[in-house]
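Given only the sequences and the hints, what does the whole structure look like? Please build it.
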Amino acid sequence: MPAITLPDGSVRRFDAPVAGTTVAEAIGPGLARAALAMKLDGRLVDLATVIDRDASVVFVTRRDPDALALIRHDAAHVLAEAVQALYPGTQVTIGPAIENGFYYDFARNEPFTPEDFPAIEAKMREIVAANAPFARQVWDRDAAIDFFEERGERFKAELIRDLPAHETITLYTQGAWIDLCRGPHMRTTGDVGSAFKLMKVAGAYWRGDHRNPMLSRIYGTAWRDQKELDAYLTMLDEAERRDHRRIGKDMGLFHLQEEAPGSVFWHPKGWRLYRAAEAYLRRRLDAAGYQEVRTPQLVDRALWEASGHWEKFREHMFIARVEDEDRVLALKPMNCPCHVQIFRQGVRSYRELPLRMAEFGSCHRYEPSGALHGIMRVRAFTQDDAHIFCTEAQIAPETVRFVELLASVYRDFGFAEFRVKFSDRPAVRAGDDATWDRAEAALREACATAGVEYDLNPGEGAFYGPKLEFVLRDAIGRDWQCGTLQVDFVLPERLDAEFVAEDGARRRPVMLHRAILGSFERFLGIVIEQYAGRFPLWLAPVQAVVATIVSDADAYAEEVAAALRAAGLAVTVDTGREKINAKIRDHSLAHVPVILVVGRREAEARTVALRRLGGEAQEVLPLAEALARLAAEATPPDLRETAMAAA
RNA sequence: GCCGACGUAGCUCAGUGGUAGAGCAACUGAUUCGUAAUCAGUAGGUCGUCAGUUCAAUCCUGACCGUCGGCACCA
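Using my numbering, the letters of the first sequence correspond one by one to residues 1 to 647.
Just so you know, the hints here were simulated from the structure itself, not pulled from any lab data. Worth double-checking, as some hints may not be accurate.
[Stated by the list, open to error] Below, in silico cross-link-like pairs of lysine to aspartate or glutamate (EDC-like), each with a Cα-Cα straight-line distance of 20 angstroms or less: (1) Lys421 <-> Glu453; (2) Lys269 <-> Asp243; (3) Lys249 <-> Glu259; (4) Lys312 <-> Glu367; (5) Lys197 <-> Asp230; (6) Lys421 <-> Glu445; (7) Lys200 <-> Asp162; (8) Lys197 <-> Glu259; (9) Lys39 <-> Asp8; (10) Lys39 <-> Asp66; (11) Lys200 <-> Glu121; (12) Lys227 <-> Glu238; (13) Lys197 <-> Asp237; (14) Lys312 <-> Glu493; (15) Lys227 <-> Glu121; (16) Lys579 <-> Glu616; (17) Lys269 <-> Asp586; (18) Lys421 <-> Asp455; (19) Lys197 <-> Asp116; (20) Lys269 <-> Asp237; (21) Lys197 <-> Glu99; (22) Lys200 <-> Asp243; (23) Lys421 <-> Glu404; (24) Lys583 <-> Glu641; (25) Lys579 <-> Asp552; (26) Lys583 <-> Glu367; (27) Lys123 <-> Asp191.
Since the model is a prediction, treat every value here as computed from it, not as a measurement.
Written out as structure tokens, the structure reads:
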């Protein structure tokens with residue numbers, strides 16, 4: 001006699017076990033038509049699932065956000081059926097719903113190409129139009145293995161063999177096609193709808209392991225309706241428009257070339273952006289009680305052996321040898337061991353802790369060729385690195401301070417939102433379990449004190465300690481992992497760092513490895529995409545251009561520019577013989593935030609006509625006023641309060 | 001590193017087994033024109049590199065380098 005509680009709190013009683021479909025019909029024909037699946041005591045299941053005990057039920061309709069995952073999962077199945085219909089002999093493996101869509105991995109000698117898409121998509125639409133019901137079947141494990149083996153589906157057979165013994169083996173049919181699947185599915189293939197599109201092909205290792213064979217993966221996107229699909233495709237166009245590689249080239253910020261793969265050639269304009277960011281951060285760190293240092297690029301392998309990096313990361317280090325000396329040096333891939341060397345000079349007292357040692361550390365890592373990506377993933381980069389040497393008791397307060405600093409830095413760069421991931425011990429790690437217990441507990445406690453909410457990211461910690469990862473969200477909704485805070489009890493031990501405690505005993509400090517931007521190269525890539533090249537004034541590489549209307553105004557234009565330069569602004573002058581329309585267009589396309597137009601009128605009245613990027617309005621105002629206003633506006637955010645107070 | 005695609009002028013791209021074109025940018029000249037393209041002309045490429053096939057290769061084949069999309073990696 002199941003009693004079914006609905007979301008509005010009402011209860012429906014049935015005399016016998018009842019299918020969700022029947023419950024929906026009992027509530028009303030509208031719901032019966034709209035329901036795609038249901039949540040049974042919070043778990044998403046097929047609508048046809050028979051309910052034989054008291055339960056709460058929420059029906060999932062197309063309007064429900066949960067419908068997306070169902071649509072995408074079902075679309076993956078439809079894709080698999082279409083592919084097997086068109087390319088006999090192709091083996092199916094797995095095909096989950098993912099963010100924004102789905103994929104399916106196939107085993108086939110010849111990989112798919114985008115040219116195959118039109119045929120596959122057409123077949124998929126046929127399958128959707130056929131509106132075949134999804135039907136769940138429970139199978140005996142051995143029978144299922146035999147079934148797939150006989151069909152030559154050895155990947156599926158392997159999946160079943162590796163399922164835990166207690167797991168129920170379920171297969172789903174959709175018309176004549178059948179597949180191993182945990183479910184749930186919607187009612188029919190027709191529920192997938194038409195708002196889907198195949199996007200790209202890619203290789204992917206079987207079960208994500210690089211020692212396994214490579215499968216051919218097809219990615220697709222799927223949405224509840226055409227409007228959502230269009231919005232997603234528009235977002236992709238927008239991302240392409242903002243691509244830092246394109247903007248970097250167009251605006252002349254930097255370039256990369258074959259002779260230095262993974263290293264950035266910063267051009268004058270890009271370097272101005274870089275320096276603005278660096279100067280800003282240096283001020284913030286100074287104010288936050290960090291001491292900046294600079295450590296060697298080339299360091300003997302002995303130090304990397306002592307730190308444990310040699311063993312784990314040797315293949316990813318650039319090695320340097322000299323002919324006359326029989327020693328191996330490595331270009332530093334990170335700064336921490338060097339910072340410990342500074343800490344170890346002389347005897348440290350507990351009075352010096354927490355000691356915050358910062359470095360804009362230039363590092364080199366031999367990243368796999370396939371990992372390189374513009375200036376976002378490079379082999380030569382500069383971390384905004386720092387190590388906080390402290391006691392265990394200081395972990396929590398230092399975490400609080402750090403999170404505050406990080407949040408305010410992100411805000412100043414235009415990122416209002418970020419979230420935190422907590423990565424705990426990985427399978428391969430240094431340090432014993434007791435140490436890890438302490439480190440993780442300390443970090444958890446620190447989060448509680450700082451009021452930081454986080455998602456757990458199991459097994460993803462550094463080899464020496466657990467870490468927090470700070471993920472910011474950009475203007476078009478993409479996530480970027482930038483900041484990090486890592487608790488390390490291991491490295492101080494390995495490199496023998498110690499301090500004299502209050503009781504006169506020698507103790508090990510804890511090291512907090514932390515970064516806010518991560519690396520300048522990557523962060524500036526993100527900033528470029530965040531603003532699509534239209535930087536706020538304080539970051540803009542060219543902050544203003546003075547453009548003349550007639551050559552009679554040339555001398556005055558130079559004078560205006562000189563005055564702005566004296567006020568610290570980056571200004572260029574355009575006295576070219578183009579018409580003002582062309583000049584406005586050129587500088588607007590170059591994303592110069594401010595255009596000061598001067599003609600005879602302005603030269604005589606000693607005014608400027610000020611025009612903002614993107615705006616159509618212009619404002620004529622006295623030179624002195626424009627100067628004061630732009631200087632104030634170009635002040636970096638951390639100096640703004642004091643600048644206002646002084647004015 | 002693995003799978004796939006790609007590499008032609010500064011940029012975006014077209015093209016062919018008989019040693020290459022467009023638009024924009026650049027340069028030159030004319031135009032002095034008040035808020036997103038003035039006109040005309042000129043110049044610019046060992047078609048990623050190295051081999052091979054061929055009478056002949058930018059085009060076909062192979063290797064390598066790099067880039068792009070994923071996968072794997074990310075101290």
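(request) Would you mind confirming whether the straight-line C-alpha gap from Lys123 to Asp191 stays at or under 20 angstroms? (result) holds, 16 angstroms
(request) Assess, step by step, whether the Cα of Lys579 is no farther than 20 angstroms from the Cα of Asp552, and give holds or violated. (result) The hint holds at about 14 angstroms.
(request) Starting from Lys227, check that the Cα of Glu121 is at most 20 angstroms away, please. (result) holds, 19 angstroms
(message) Lys312 and Glu367 were given as a pair; does the straight-line alpha-carbon distance stay at or below 20 angstroms?
(response) holds, 14 angstroms
(request) Could you grab the alpha-carbon distance between Lys197 and Asp116 and see if it respects the 20 angstroms cut-off? (result) Distance ~13 angstroms between Lys197 and Asp116 Cα, so the pair holds.
(request) Compare the distance between the alpha carbons of Lys269 and Asp586 with 20 angstroms, and conclude whether the hinted pair is satisfied. (result) Answer holds: Lys269 to Asp586 is near 16 angstroms, not above 20 angstroms.
(message) Against the 20 angstroms threshold, does the CA-CA distance of Lys579 and Glu616 hold or violate the hint?
(response) Distance ~17 angstroms between Lys579 and Glu616 Cα, so the pair holds.
(request) Below or equal to 20 angstroms on CA atoms is what counts here, so check Lys421 against Asp455. (result) holds, 5 angstroms
(message) For Lys312 and Glu493, compute the direct alpha-carbon distance and say whether it is at most 20 angstroms.
(response) The given pair, whose Cα atoms are some 17 angstroms apart, holds under the 20 angstroms limit.
(request) With a cut-off of 20 angstroms on the C-alpha distance, tell me whether Lys197 and Glu259 pass. (result) The given pair, whose Cα atoms are some 39 angstroms apart, is violated under the 20 angstroms limit.
(request) Would you check the hint for Lys200 and Asp243, treating anything up to 20 angstroms between C-alpha atoms as holding? (result) Answer holds: Lys200 to Asp243 is near 19 angstroms, not above 20 angstroms.
(request) Take a quick look at whether Lys249 and Glu259 sit within 20 angstroms of each other, Cα to Cα. (result) It holds: about 18 angstroms lies between the C-alpha atoms, which stays within 20 angstroms.
Consistency with the previously given hints fails for numbers 7, 8, 20, 24, 26, ordered from lowest to highest.
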